[in-house]
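Participant: Listed below, chain by chain, are the residues.
2 protein chains.
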Amino acid sequence: MDILLDRRSIRKYTGDDVKQEDLNYILHAAMSAPTAKNTKCYSFVVIKNKNMHKKIAKIHKYAQMILEAPVAILVVGDQNIVYKGYLPQDCAAATQNILLAATAKGYGAVWCGIYSNKERSKNIEKLFKLPKNIKAFSIVIIGKSDDSSIHVKNNWQIEKIKYEIWK
Amino acid sequence: MDILLDRRSIRKYTGDDVKQEDLNYILHAAMSAPTAKNTKCYSFVVIKNKNMHKKIAKIHKYAQMILEAPVAILVVGDQNIVYKGYLPQDCAAATQNILLAATAKGYGAVWCGIYSNKERSKNIEKLFKLPKNIKAFSIVIIGKSDDSSIHVKNNWQIEKIKYEIWK
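Chains as they are written, first to last, in our numbering: chain A, 2 to 168; chain B, 2 to 168.
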């Protein structure tokens, strides 16, 4: 499997746990994403507590699959240390690395957006007791895939490529 | 080499070309990044023309290494089809996949930001004759690494990880 080409969003899980060593690898990959001016403005909250999962599911209508997953990672960015407006870009690169690292270790994962939704951000930031400068960016839900509807698809679209200039 | 853990920003190149099949792989990886609501709002402009490289170097002070590189990719997002405010997030995931795919194929690459800088965005959008709805996001510069100062470093920082709640 090619993790870059074959990764898919996985929304159904077997319930099997994510091994601690795999979770550490996934977090290590997240921290290895680039940040503008190398500020490393991200942090990660690992969420295994089922009560927290239930509270997140109440806040985030597109994150219901968290109820069946062993673990989720909240990606946050520090407004006080980020370079200019790069918080969503830096946190998105880290989130993408989490998806890919989970795939590399044989898990399925899905990116649930928070940052662009003010109401959702407010509720998540309150739930996690984030300080004012720490902004909730995304929640990635991770588990062993139980999604039999998922098959590898080819994302190649020649019309997405242009040469030298927009035409 | 583990592409997720060992990728670094590479800013010096040998001048050797990037093979077309590798470039296609890199673009394929870019298109395989997730987008919110699967809008696939990204497009990619491949830039090999040295005159264009010179014009980009004039606009973007942190992209001077483009003058020595065989190829660069401009990542853009379509404001007309993106889901809500997710343009920087979607384009950042695609940009991160470009960096990783270049690394996987034995090249070095660096992410040069555009989107959060209004003046730079305006000038790049004018240079590439982008329609109003197409927003310049980033330029990734790619080449065979000639950066002997680059060594693998460990990005692991235990203090970036929290459990269940912010403390």
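Keep in mind the hints are simulated off the structure, nothing from the lab. Among these hints, one or two may not hold up.
Stated by the list, open to error - Here are the computed lysine-lysine pairs in the DSSO-like style, where the Cα-Cα straight-line distance is at most 30 Å: (1) Lys168(B) <-> Lys161(A); (2) Lys20(B) <-> Lys85(A); (3) Lys38(A) <-> Lys62(B); (4) Lys38(A) <-> Lys106(B); (5) Lys49(A) <-> Lys168(B); (6) Lys168(A) <-> Lys85(B); (7) Lys51(B) <-> Lys133(A); (8) Lys161(A) <-> Lys161(B); (9) Lys127(B) <-> Lys168(A); (10) Lys161(A) <-> Lys56(A); (11) Lys161(B) <-> Lys133(A); (12) Lys154(B) <-> Lys154(A); (13) Lys62(B) <-> Lys106(A); (14) Lys145(B) <-> Lys62(A); (15) Lys161(B) <-> Lys168(A).
Participant: Next, verify each hint and record whether it holds.
Facilitator: Hints and how they fare:
The suggested pairing of Lys168(B) with Lys161(A) is violated, with an alpha-carbon distance near 44 Å, which exceeds 30 Å. Only pairs whose Cα atoms come within 30 Å are accepted, and Lys20(B) paired with Lys85(A) is rejected, the gap being roughly 35 Å. Distance check on the hinted pair: Lys38(A) and Lys62(B) sit about 14 Å apart at the alpha-carbon level, within 30 Å; holds. At most 30 Å may separate the alpha-carbon atoms for a hinted pair to count; Lys38(A) and Lys106(B) meet this at roughly 25 Å.
Between Lys49(A) and Lys168(B), the direct Cα distance comes to roughly 16 Å. Compliance with the 30 Å bound is thereby established for this hinted pair. In summary, the hint linking Lys168(A) to Lys85(B) is supported, as the alpha carbons are separated by about 26 Å, within the 30 Å threshold. In summary, the hint linking Lys51(B) to Lys133(A) is not supported, as the alpha carbons are separated by about 46 Å, beyond the 30 Å threshold. For the hint pairing Lys161(A) with Lys161(B), the CA-to-CA distance comes to about 36 Å; that exceeds 30 Å, so the pair is violated.
Between Lys127(B) and Lys168(A) the alpha-carbon distance is near 13 Å, which keeps this suggested pair within the 30 Å criterion. The suggested pairing of Lys161(A) with Lys56(A) is violated, with an alpha-carbon distance near 39 Å, which exceeds 30 Å. Between Lys161(B) and Lys133(A) the CA atoms are separated by roughly 17 Å; this keeps the pair inside 30 Å, and the hint holds. Between Lys154(B) and Lys154(A) the CA atoms are separated by roughly 34 Å; this puts the pair beyond 30 Å, and the hint is violated.
At most 30 Å may separate the alpha-carbon atoms for a hinted pair to count; Lys62(B) and Lys106(A) exceed this at roughly 39 Å. Taking the CA atoms of Lys145(B) and Lys62(A), the gap is near 45 Å; set against the 30 Å cutoff, the hint is violated. Distance restraint check for Lys161(B) and Lys168(A): the Cα-Cα separation of roughly 44 Å exceeds the 30 Å cut-off, and the hinted pair is therefore not satisfied.
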